[in-house]
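There are 2 protein chains.
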Amino acid sequence: MNHLNLIFGGAGFIGSNLADLLGAQGHRVLIVDNFINAYRNSESGSDRIFSTIQLDLSETRDAIDALKPVLRQESEIKLWHLAANSDIRIGQESIGVDLKNTFNTTLTAIETIKEFAVSEFIFASSSAVYGDFQGLPFSEDDNDFKPESNYGYMKLLSEYAILARKHAYKNTSIRIFRFPNVVGSKMTHGVIFDLYKKIQINSREIEVLGNGFQKKPFIHVSDLIGAMLYLNKVDSKFEIYNIGPMDTGIEVREIVELMINKIQPDCIAKFGHNLGGWEGDIPRYSFNIEKSKSAGLKVDFTSKDAVIRALETLNLED
Amino acid sequence: MNHLNLIFGGAGFIGSNLADLLGAQGHRVLIVDNFINAYRNSESGSDRIFSTIQLDLSETRDAIDALKPVLRQESEIKLWHLAANSDIRIGQESIGVDLKNTFNTTLTAIETIKEFAVSEFIFASSSAVYGDFQGLPFSEDDNDFKPESNYGYMKLLSEYAILARKHAYKNTSIRIFRFPNVVGSKMTHGVIFDLYKKIQINSREIEVLGNGFQKKPFIHVSDLIGAMLYLNKVDSKFEIYNIGPMDTGIEVREIVELMINKIQPDCIAKFGHNLGGWEGDIPRYSFNIEKSKSAGLKVDFTSKDAVIRALETLNLED
Chain A
7 MNHLNLIFGG AGFIGSNLAD LLGAQGHRVL IVDNFINAYR NSESGSDRIF
57 STIQLDLSET RDAIDALKPV LRQESEIKLW HLAANSDIRI GQESIGVDLK
107 NTFNTTLTAI ETIKEFAVSE FIFASSSAVY GDFQGLPFSE DDNDFKPESN
157 YGYMKLLSEY AILARKHAYK NTSIRIFRFP NVVGSKMTHG VIFDLYKKIQ
207 INSREIEVLG NGFQKKPFIH VSDLIGAMLY LNKVDSKFEI YNIGPMDTGI
257 EVREIVELMI NKIQPDCIAK FGHNLGGWEG DIPRYSFNIE KSKSAGLKVD
307 FTSKDAVIRA LETLNLED
Chain P
7 MNHLNLIFGG AGFIGSNLAD LLGAQGHRVL IVDNFINAYR NSESGSDRIF
57 STIQLDLSET RDAIDALKPV LRQESEIKLW HLAANSDIRI GQESIGVDLK
107 NTFNTTLTAI ETIKEFAVSE FIFASSSAVY GDFQGLPFSE DDNDFKPESN
157 YGYMKLLSEY AILARKHAYK NTSIRIFRFP NVVGSKMTHG VIFDLYKKIQ
207 INSREIEVLG NGFQKKPFIH VSDLIGAMLY LNKVDSKFEI YNIGPMDTGI
257 EVREIVELMI NKIQPDCIAK FGHNLGGWEG DIPRYSFNIE KSKSAGLKVD
307 FTSKDAVIRA LETLNLED
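Chains as they are written, first to last, in my numbering: chain A, 7 to 324; chain P, 7 to 324.
Be aware that a few hints might be false.
Same chains, same label: a pair holds when it works inside one copy or across any pair of copies.
[Said to hold, decoys possible] For lysine-lysine, the following DSS-like pairs were computed, each having C-alpha atoms within a straight-line distance of at most 27 Å:
(1) Lys152 - Lys172
(2) Lys74 - Lys106
(3) Lys239 - Lys203
(4) Lys152 - Lys176
(5) Lys239 - Lys268
(6) Lys120 - Lys152
(7) Lys120 - Lys106
(8) Lys204 - Lys304
For the record, the hints were derived by calculation from the structure and aren't laboratory data.
Let the hints inform the model, and build the full structure from the sequences given.
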């Protein structure tokens, strides 16, 4: 029997794109999601390729019980854990949000490995685990983690939770991928998404968080998924990879300029006075991506290209 | 103003002993506990030295809100975080128990540091974080953690949660103490406690979990507290210490023999056939305690002495 792609958070931004691609390639896909902050609709039905289950992955025991009838008959499962609170700013209000939606869902993913025939486990981690290195590039070998946001904090503790159990899952190959800013069709958050919403409300003037000199690496969701699919195949039981573009990032000012020129050329952008856009933000960071390149990943995409491609599909989303 | 000793889990076994000692020394003590599995009664009232607050420390936001009126006026707080699910076996049934009572209470402790004037933070961790080293002694430098029990897993993730925030709390000195088996008056669990309950039910014959060749280091609660008080004073902002006896442990068979001779000399002990007493148990382990000795801690207590002293106060507990 064909293996099953089980996607936790498969109705979200990256999960939806991944599900579409795997489905288009003829792979079986089961999406498990709470369908909050979702691109895909839970009513979209099931067919030979796609099926969906709506449940709260933060309640481990209930979730495992609910998944049992479906998963126990599967002989090979590839588990993609993309479920998380994706709104970093909302998570700053209380640790409970990221605890529930980012950390507890990871415990459920780990229990899923224990309970069912999971051959590959892929965890979507984040640059936010590193914290503020004052723009110095993060490497996978750095372990002086000091996450600023509750989001990064719970992504880091999720990584540790996986690490502390890896001896128990000898038949599962594990990948932890640390993502930079990800953009593309079906976005549900982030600077491009936010600014686009603001232009819809007031097309003459928009307010930008921070002074615009924030600089971060961006990747297009299709390049991110391609990188994950490639790095999954590396012959190793356990690896952590940064996935990022070939450059060190793009400044928010340039994103704003590209966006206004594309969408609303006469719109005026008003910038803030501080570098930090919001509490928990890491205003400047970059990735060392030598490890993924050494594994043979071809990195020929830039942050600017990612932004330009994301702007092209913006109008299609409403 | 005199500093406040804030004891999370202060109604439990170790917490009660600590509260009594600090109180006897004239220090102010505030016990915060859910008063489940508690030695001390929540109705015991407050005086100049002791006060108690009953609340669920696993709900971070609610707990911080409830503590605010009391703690915001304090200018120096020593926070002892001893709240946890102390029954390792019960925790094996579902990860939710240790997640809630061990991990989530630690997140509340970390938020407490952030919100209030905490000068010292002491966290009660465990030998269970290391996992099964086949009896080889655990050292604080070992970091190939593979906890077997959910208890050890959540103690380890609690340590990581503290570690990942230590950069944020520059004014707080932090101690993580890893305990061996702890015994003494006011025990609420553990091999001596269990066997004593069994003798109460059937004084002629008791069943012992495992074959009796389990070997573990034991410490008496009074020695443990003395060690913590000493190691708190070491001039360092952040340290992790194993706290243990001078020997490598005592076998369960010897504990059973000491106990029967003391309590019920004609009782017959029936042993199991396997080394492991129960799922999640580490049947043989020992501590490397060189680090605490190098810090000047005088370790002149043995596992056997701890057991003998614990047996002496058993009858006083009912």
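Structure-based check of each hint:
Taking the closest pair of Cα atoms, lysine 152 and lysine 172 come within 27 Å of each other both inside a single copy (23 Å) and across two copies (8 Å). When the C-alpha separation of lysine 74 and lysine 106 is checked against a cutoff of 27 Å, the pair qualifies both within a copy, at 21 Å, and between copies, at 24 Å. Taking identical chains as interchangeable, the C-alpha atoms of lysine 239 and lysine 203 are never at most 27 Å apart, the minima being 38 Å within one chain and 55 Å between chains. Taking identical chains as interchangeable, the C-alpha atoms of lysine 152 and lysine 176 lie at most 27 Å apart only when they sit on different chains, with a minimum of 13 Å there against 30 Å within one chain.
When the C-alpha separation of lysine 239 and lysine 268 is checked against a cutoff of 27 Å, the pair qualifies neither within a copy, at 38 Å, nor between copies, at 63 Å. In this homomeric assembly, lysine 120 and lysine 152 come within 27 Å of each other (Cα to Cα) only across copies, at 15 Å, whereas the closest approach inside a single copy is 30 Å. Proximity of lysine 120 and lysine 106 under a CA criterion of 27 Å is satisfied in both settings, with 20 Å inside one chain copy and 20 Å between copies. In the homo-oligomer, the alpha carbons of lysine 204 and lysine 304 never lie at most 27 Å apart, since the shortest distance is 36 Å inside one protomer and 66 Å across protomers.
Hints 3, 5 and 8, counting from the list given before, are not met by this structure.
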